[in-house]
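A.B. asks: Each chain, letter by letter, is given below.
Protein chains: 2
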Amino acid sequence: MTEPGSPPHRYAEAGVDLRAAERFVNRLRGVASRATRPEVLSGIGAFGGAFALQGYRQPVLVSSTDSVGTKLKLAPLTGQYRSLGHDVVNQSLNDVLVSGALPLFFLDYIASNQVSDDDRIAMVEGVAEACAAAGCALIGGETADLPGVYQPGDFDFVGFVVGAVERDEMIDGSRIRPGDALLGLPSSGLHTNGYALARQVLEVGIDGDAAAERARLEQVYPELGGTLGAALMTPHRSYIPEVRPHVARLKGMAHITGGGLPGNLPRVLPDGVCARVRWGAWEVPPLFRLIQSRGEIALGEMLEVFNMGIGMVLVVGEADADALLAAIPGAVQLGGIESSPADGTKFVLEGMP
Amino acid sequence: MTEPGSPPHRYAEAGVDLRAAERFVNRLRGVASRATRPEVLSGIGAFGGAFALQGYRQPVLVSSTDSVGTKLKLAPLTGQYRSLGHDVVNQSLNDVLVSGALPLFFLDYIASNQVSDDDRIAMVEGVAEACAAAGCALIGGETADLPGVYQPGDFDFVGFVVGAVERDEMIDGSRIRPGDALLGLPSSGLHTNGYALARQVLEVGIDGDAAAERARLEQVYPELGGTLGAALMTPHRSYIPEVRPHVARLKGMAHITGGGLPGNLPRVLPDGVCARVRWGAWEVPPLFRLIQSRGEIALGEMLEVFNMGIGMVLVVGEADADALLAAIPGAVQLGGIESSPADGTKFVLEGMP
Numbered sequence: 015m016t017e018p019g020s021p022p023h024r025y026a027e028a029g030v031d032l033r034a035a036e037r038f039v040n041r042l043r044g045v046a047s048r049a050t051r052p053e054v055l056s057g058i059g060a061f062g063g064a065f066a067l068q069g070y071r072q073p074v075l076v077s078s079t080d081s082v083g084t085k086l087k088l089a090p091l092t093g094q095y096r097s098l099g100h101d102v103v104n105q106s107l108n109d110v111l112v113s114g115a116l117p118l119f120f121l122d123y124i125a126s127n128q129v130s131d132d133d134r135i136a137m138v139e140g141v142a143e144a145c146a147a148a149g150c151a152l153i154g155g156e157t158a159d160l161p162g163v164y165q166p167g168d169f170d171f172v173g174f175v176v177g178a179v180e181r182d183e184m185i186d187g188s189r190i191r192p193g194d195a196l197l198g199l200p201s202s203g204l205h206t207n208g209y210a211l212a213r214q215v216l217e218v219g220i221d222g223d224a225a226a227e228r229a230r231l232e233q234v235y236p237e238l239g240g241t242l243g244a245a246l247m248t249p250h251r252s253y254i255p256e257v258r259p260h261v262a263r264l265k266g267m268a269h270i271t272g273g274g275l276p277g278n279l280p281r282v283l284p285d286g287v288c289a290r291v292r293w294g295a296w297e298v299p300p301l302f303r304l305i306q307s308r309g310e311i312a313l314g315e316m317l318e319v320f321n322m323g324i325g326m327v328l329v330v331g332e333a334d335a336d337a338l339l340a341a342i343p344g345a346v347q348l349g350g351i352e353s354s355p356a357d358g359t360k361f362v363l364e365g366m367p
Numbered sequence: 015m016t017e018p019g020s021p022p023h024r025y026a027e028a029g030v031d032l033r034a035a036e037r038f039v040n041r042l043r044g045v046a047s048r049a050t051r052p053e054v055l056s057g058i059g060a061f062g063g064a065f066a067l068q069g070y071r072q073p074v075l076v077s078s079t080d081s082v083g084t085k086l087k088l089a090p091l092t093g094q095y096r097s098l099g100h101d102v103v104n105q106s107l108n109d110v111l112v113s114g115a116l117p118l119f120f121l122d123y124i125a126s127n128q129v130s131d132d133d134r135i136a137m138v139e140g141v142a143e144a145c146a147a148a149g150c151a152l153i154g155g156e157t158a159d160l161p162g163v164y165q166p167g168d169f170d171f172v173g174f175v176v177g178a179v180e181r182d183e184m185i186d187g188s189r190i191r192p193g194d195a196l197l198g199l200p201s202s203g204l205h206t207n208g209y210a211l212a213r214q215v216l217e218v219g220i221d222g223d224a225a226a227e228r229a230r231l232e233q234v235y236p237e238l239g240g241t242l243g244a245a246l247m248t249p250h251r252s253y254i255p256e257v258r259p260h261v262a263r264l265k266g267m268a269h270i271t272g273g274g275l276p277g278n279l280p281r282v283l284p285d286g287v288c289a290r291v292r293w294g295a296w297e298v299p300p301l302f303r304l305i306q307s308r309g310e311i312a313l314g315e316m317l318e319v320f321n322m323g324i325g326m327v328l329v330v331g332e333a334d335a336d337a338l339l340a341a342i343p344g345a346v347q348l349g350g351i352e353s354s355p356a357d358g359t360k361f362v363l364e365g366m367p
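Residue numbers (the numbering used here), protein chains in the order written: chain S, 15 to 367; chain E, 15 to 367.
Hints listed in this document are in silico derivations from the structure and should not be mistaken for laboratory results.
Zero decoy hints are in this set.
What the simulated footprint calls covered on chain E by chain S, stretch by stretch (three residues with Cβ under 8 Å from a Cβ of chain S suffice, anywhere in the stretch; the number is not a length):
| no. | region |
| --- | --- |
| 1 | 161-174 |
| 2 | 177-190 |
| 3 | 214-221 |
Pairs of lysine to any residue residues, derived as SDA-like cross-links and limited to a Cα-Cα distance of at most 25 Å, are as follows:
| no. | chain 1 | residue 1 | chain 2 | residue 2 |
| --- | --- | --- | --- | --- |
| 4 | E | Lys360 | S | Arg33 |
| 5 | S | Lys360 | S | Val261 |
| 6 | E | Lys360 | S | Val39 |
Beta carbons: idealized from backbone N, C-alpha and C, even for Gly.
So that you can see chain S by itself, here it is in the shape it has in the complex (with noise of 0.2 Å):
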C-alpha cells in the first residue's frame, strides 16, 4: 500500500479532474444546445434529460442502443471524429424506424483514454448534427475518462434513441403476404457493420505500423471515388429523409447491420413466408468487391457480414411497388415475398454465382 511519506493522493493524477471535466461539460453543453425540440424541459447538466411527450394518442415509445464498433479505429488515422456521431446517430434512427417510429430523444456515452477535448467535441457535433437533421433532440449524455479500461487513445462511442409512432400505426410485418414486393434502399459504404474483418483485409486500424495504416488509407482508389479512408468513414446512412413520407405504406422494414440481407430480412417476417432475392437486382459497389477481392472471402460470408451495398429493405404490397420505386431515389426491387417452402426457410438468395 503507499509509503509513508509518499506524497498525497489527487484525484487528478489518478485520471480524472473533475474540474476539466466541468469545462468540458459546458463546451458539450453548447454543441448540444444546437439540436433540439419545444418538448425538451432541461438541457445536458441535469440528471436526467426531460422531454414533455406530446401529440400522441397511444404513444408506443420504440428505443434502440448500439455502438459504432470497431469502425472507430479508423478515426485516430483519419483524424475524422465527427463523421462518428453521425454514425452513432443514423444506425439507431434506422433501427427505431423500422417499427414505423420517428426519434424524440438521444443520449450519447462516450469513453475514453486520453483522447483530446477537441476529437470527443467533434464526435459529439456530429451527433448534434445528425440529430438536428433527423429533428432529434439531443437531451443528454455521459463522457467518462476510463484510464486502465481504454488504452492511450482509445475510446467507445455509443448512442441511445427514443422514438415514438401510434400504436396503430406500427409497422410490425404482420400484414405481409406473398406477392409483396421487396424494395432495396443503397447504402453509403459498409455503414457500421463488417469493420473487423475490413480492417483485418484491408490492413488497416489494426494497431500496425500507424505511418503504412495511414499511408494505406490516403491511397487514391479510382473505383472508389477517393481515398480508402474516406470510402471507409462514410458515415452511416439515415434512411428516415427517404422512407418517412410513405412510411403509412409499407408492411416491413428490415435495417441491414450485421448479419447482412440473410440474417435481418427474416427478422421482420411472420411465419409462413419466405423473401425470395435476386442475385444481380442490385450492384455491389466497389468498396465490397475490393474487399472481397483482397481478402479471397466467400459470397456467402460477405453476404452474412456486409450490407453489400443495399442498407435497408422495404416490404409493400405489389400495387406500391413501382411508384415507391419511382418515389425514392436509388431504390431497386430485391425480389418479393412468397409461401415458405415446408422447411421454413424464410430466405432465398437465386442466381448467385
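Guided by the hints, dock chain E onto chain S, whose structure is given.
C.D. replies: Below, chain E without anything else, positioned relative to chain S:
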C-alpha cells in the same frame, strides 16, 4: 496486404462469430424476459424495443445514461460480475428519480474482448434483477465483441433508462425556499464513483500483479465487516423503495455521484438559495476513512470525489422533515436551506475539522 496463397479470411477469425453470437443472444433473451411489463410489445431481437406508454395525462419522459466506471476493473479479480448489473441499473434509476420519475424501461450495452459468455450473462442477470426489483422493463441492449478496442478480459458496461412523471408532479427544485430541511439517505458504499482514486490508493484493479491484488481484496477488515473486495463491490443502492412513498412531499433531490455533496447538491438549487450542511451530522463509514488514511487524502478532496456515506439528499419543507426522518430508515438531517450570501455561494459545509 494479403499475400497470394494465404488462407481466405473468415469473419470468425477476425474475432466475431455470428453463430455463437446468435446462441448468446438467445440466452440473453431468456434472462431479459425476467424483467418485463405489460406495456412491452416486443422482446430483445427486434431492431428496437417497444413500450406502449399508457396511464399518463401529461407524461414527461426522463432519461439518463451512465457506465459503472472503473469499478468494473474489480470484477475479474473478485469474480463478481452480477453485482455490476445492479450498479448500472440503480445509478440510472436514481438519476431519473431526482425528477420524480419512476422507471419505464432500460437498455444495456456491454462491449468486451474475451470476457466469457457466462460472465456477460451474469452481468445481464444483474441488470434483469435490478430492473425487476424496480418495476422496470429490460427491453433491449447490445453486447458487442470489440477486439482492438478493449484489451483481453476488459469490457465496458453502460445503461440507459427512460422513466416518466406527470408534468405537474415533476420535481425541479423551483419550490425550494430558505428554511427547508436537507435530509441525507445513507449510501451502501462507494456506489459507482471514485474508483479511479480508490483503486490507486488501495492498489487493486490497477493491472498490477493479479495474485497480489486478489490477496488485498480477500483481506478481512473488521471495521468493514468483511473483505475489502466485498466492501468495494457492494452495489449502488436504488432509492426508489424509500423515496417513492414520499415523492409528493419532496421539493428537490440530489443524487450524490462524482463531485460528491459540493458538486451535486447545488445542481438542484434555484438561484438565491444555499445549502448549509453540518459536518458531523452523519457518520462517515469506515471504507471512506480507510481510503482517506491510506491515501493521505485531504478531507476537502474526499468530499469532492466520494459520497462519504450519503447517496441521496432530499430537500423538504421544515414541517415535513420530522415525519420523513421517522419514515425513512437511516435518514439523517444534514442541515438546511438558507438565502445565498452576496457572492452566490450555493454550498457551505460548516464545522469541518
